[in-house]
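Protein sequence lines correspond, in order, to chains A and B.
Under the working numbering, the letters of the first sequence match residues 1 to 443, in that order.
Under the working numbering, the letters of the second sequence match residues 1 to 158, in that order.
Honestly, I wouldn't trust all of these hints.
Claimed, not checked - Distance windows between CB atoms, simulated:
1. B:V26 with A:T355: 48 to 56 Å
2. B:G29 with A:P344: 38 to 46 Å
3. A:A85 with B:L64: 40 to 48 Å
4. A:R101 with B:W89: 53 to 61 Å
5. B:A153 with A:A320: 30 to 38 Å
6. A:R439 with B:V26: 53 to 61 Å
What the hints assert, rightly or not - Interface residues of chain A toward chain B, partial, derived using beta-carbon atoms under 7 Å:
7. T248
8. L383
9. G402
10. N404
11. T406
12. A423
13. A425
14. R429
Source of the hints: derived by calculation from the structure; they are not laboratory data.
No residue lacks a Cβ here, since even glycine has one placed at the ideal position from N, Cα and C.
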Amino acid sequence: MSAPEAEGGIPEGQEVAERRLHPVTPLRRAWAPVALIAGWAAHDPDQAQEQLTRLTTVTLLAGLAVLLPAAALYGFLSWWFTHYAVTETELRIRTGLFFRRTAHIRLDRLQAVDINRPLLARVAGVAKLRLDAIGTDKKDELAYLSEDEARALRAELLARAAGFAPRTAREVGEAPVRQLLHVPPGMLAVSLLLIGSTWGSLLSALAVPTLLWFGTHSVWSVLATGLPLAGGAATRTAGRFVRAYDWTVGESPDGLRIDHGLLDRAHETVPPGRVQTLRIVEPLLWRRRGWVRVELDVAGSSNPVLVPVAPRAAAELVIARVLPGVTVPTSLSRPPRRAGWCLPLWWRGHGLAVTDSVFAAGRGLLRRRLALVPHAKVQSVRLTQGPWERFRKVADVNVDTGANRTVRARLRDAEEAAALLMAQADRSRTGRRDALPDRWMVP
Amino acid sequence: MHGGAGTVWTGLPPGLLRMRRLLLVVWLGLLALGTGLLLGLLAGPAWALFALLPLASMLWGWVLLGRNWRSWRYTERADDLLISRGVLWREETVVPYGRMQLVEVTSGPVARHFGLASVQLHTAAAATDATIPGLDPAEAERLRDRLTELGEARSAGL
Numbered sequence: 001m002s003a004p005e006a007e008g009g010i011p012e013g014q015e016v017a018e019r020r021l022h023p024v025t026p027l028r029r030a031w032a033p034v035a036l037i038a039g040w041a042a043h044d045p046d047q048a049q050e051q052l053t054r055l056t057t058v059t060l061l062a063g064l065a066v067l068l069p070a071a072a073l074y075g076f077l078s079w080w081f082t083h084y085a086v087t088e089t090e091l092r093i094r095t096g097l098f099f100r101r102t103a104h105i106r107l108d109r110l111q112a113v114d115i116n117r118p119l120l121a122r123v124a125g126v127a128k129l130r131l132d133a134i135g136t137d138k139k140d141e142l143a144y145l146s147e148d149e150a151r152a153l154r155a156e157l158l159a160r161a162a163g164f165a166p167r168t169a170r171e172v173g174e175a176p177v178r179q180l181l182h183v184p185p186g187m188l189a190v191s192l193l194l195i196g197s198t199w200g201s202l203l204s205a206l207a208v209p210t211l212l213w214f215g216t217h218s219v220w221s222v223l224a225t226g227l228p229l230a231g232g233a234a235t236r237t238a239g240r241f242v243r244a245y246d247w248t249v250g251e252s253p254d255g256l257r258i259d260h261g262l263l264d265r266a267h268e269t270v271p272p273g274r275v276q277t278l279r280i281v282e283p284l285l286w287r288r289r290g291w292v293r294v295e296l297d298v299a300g301s302s303n304p305v306l307v308p309v310a311p312r313a314a315a316e317l318v319i320a321r322v323l324p325g326v327t328v329p330t331s332l333s334r335p336p337r338r339a340g341w342c343l344p345l346w347w348r349g350h351g352l353a354v355t356d357s358v359f360a361a362g363r364g365l366l367r368r369r370l371a372l373v374p375h376a377k378v379q380s381v382r383l384t385q386g387p388w389e390r391f392r393k394v395a396d397v398n399v400d401t402g403a404n405r406t407v408r409a410r411l412r413d414a415e416e417a418a419a420l421l422m423a424q425a426d427r428s429r430t431g432r433r434d435a436l437p438d439r440w441m442v443p
Numbered sequence: 001m002h003g004g005a006g007t008v009w010t011g012l013p014p015g016l017l018r019m020r021r022l023l024l025v026v027w028l029g030l031l032a033l034g035t036g037l038l039l040g041l042l043a044g045p046a047w048a049l050f051a052l053l054p055l056a057s058m059l060w061g062w063v064l065l066g067r068n069w070r071s072w073r074y075t076e077r078a079d080d081l082l083i084s085r086g087v088l089w090r091e092e093t094v095v096p097y098g099r100m101q102l103v104e105v106t107s108g109p110v111a112r113h114f115g116l117a118s119v120q121l122h123t124a125a126a127a128t129d130a131t132i133p134g135l136d137p138a139e140a141e142r143l144r145d146r147l148t149e150l151g152e153a154r155s156a157g158l
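Let's have the full structure, built from the sequences with the hints guiding it.
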């Protein structure tokens with residue numbers, strides 16, 4: 001990663017160069033009126049048909065003659081008025097035809113960068129780029145950019161966020177990626193078949209319409225309940241498979257790379273030190289095969305999955321790269337036996353382990369979940385104790401993280417919990433000192 | 001309780017308890033009066049006894065407010081703020097100064113009349129529920145300034 005001589009670098013004091021999105025973008029917006037009409041027709045089919053029969057060819061053509069240019073104009077104008085620019089410290093997005101909106105996103109606050117390529121966009125050779133920071137939402141997505149541009153912009157944004165000098169940020173280029181894990185399609189398919197919710201949704205999609213048919217003999221009501229159920233079942237089974245197909249986790253100096261998708265491709269980059277919580281989930285039927293799913297929380301990001309399915313050892317290797325220096329605790333300490341009065345039977349599923357680097361709380365008897373919070377990511381620690389818990393002399397310790405997730409270690413011995421509260425506050429303060437800086441390439 | 005030896009806890013000022021009790025008496029008193037009059041005139045004097053219900057809850061609330069008020073306390077430790085509260089559902093919150101994103105001092109019209117202001121700390125986690133209700137405005141401002149100062153000195157992001 002040398003810094004080549006900047007020949008076309010930005011001269012000092014020059015105005016920030018504003019760029020436009022890819023010219024294909026207006027087409028996306030042109031869909032809006034069409035989608036509106038289709039939505040209305042689907043919502044109210046009877047009336048739509050009535051209106052359709054009244055349409056003559058002339059009115060239809062006239063309507064189209066008004067609608068299409070209007071949609072095209074709207075698409076064109078909204079494209080024309082959308083600009084983005086990368087300055088030394090910010091990504092600026094200026095948009096809006098009537099309601100102006102300017103978003104300045106500080107690059108050192110960047111939590112993740114996502115490039116998404118939906119199927120149609122892949123055909124057109126364009127991609128969406130999204131910066132995840134706290135407070136950004138769907139509006140702050142750059143859609144669409146050409147694929148090369150999106151990749152170059154991502155590299156530039158990451159380089160700037162990492163703290164490279166502005167002159168060199170553009171020339172640093174794409175960081176090399178080393179593959180950590182790839183999920184084979186066969187394993188993914190089997191893992192989805194071994195989840196209860198897959199079968200639950202399939203069964204309900206079959207059983208509910210059938211029962212309804214015998215109950216009412218009305219095609220409409222069967223369709224009205226059956227279609228959403230079938231849709232839900234499809235997204236839960238095939239949809240999950242298609243989304244997680246070819247799931248690849250890679251590592252680069254930019255951070256963690258997650259690429260996945262069969263039809264819609266998604267490429268996510270999580271810079272180092274951005275992961276707030278990791279969760280290892282082990283559904284009951286996966287246990288015999290020793291498979292786990294790993295989920296992660298990054299502030300401001302929506303994708304929670306790091307590894308959809310992998311053997312435990314492989315998953316732990318990935319975790320060791322994501323949270324450097326962290327080993328997944330193998331044994332958790334159970335709550336005291338008297339906790340059974342507060343939570344019969346299930347108290348056995350709860351457990352806690354605190355290592356030098358993470359606070360790990362497990363729960364669940366059938367479907368085991370283990371949440372790991374690096375000490376440096378703890379925002380506040382709370383001890384809560386209900387009346388019944390106080391009677392049995394146990395208490396819960398809650399650890400709040402920046403991704404709006406609270407990890408609870410339930411039913412600890414009251415004395416232990418009080419000590420843990422103070423110790424955890426100290427650890428979260430000192431843990432911060434050893435953590436990477438926000439601009440991770442700056443020594 | 002858990003601050004360790006030598007911890008100096010600060011409680012809430014008695015003004016807050018006075019305000020809460022006054023509000024309780026006013027609202028429940030009005031409710032009792034309304035119930036008593038309405039039922040007494042429309043359904044007969046015996047029914048007016050239902051006005052005793054709000055009165056009883058007023059008594060109960062009077063005691064509860066006192067207990068709740070006594071349970072609130074906070075202490076500024078070297079590196080974090082510790083807030084302890086609750087009678088039946090106890091909660092203790094520790095917020096390291098470096099994690100504070102924003103300190104807010106608010107006071108509504110009634111609270112202002114009683115000379116009270118509440119301090120709320122925000123961290124990057126929305127679950128952090130660190131509010132100290134009803135402080136003396138001067139103390140609230142002192143606390144805000146001190147927390148901001150300590151927060152800057154120990155600042156850490158996400």
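Checklist entry - Which numbered conditions among the earlier hints are violated in the structure presented, ordered from lowest to highest? => result The structure conflicts with hints 3, 4, 7, 12, although it agrees with all the remaining ones.
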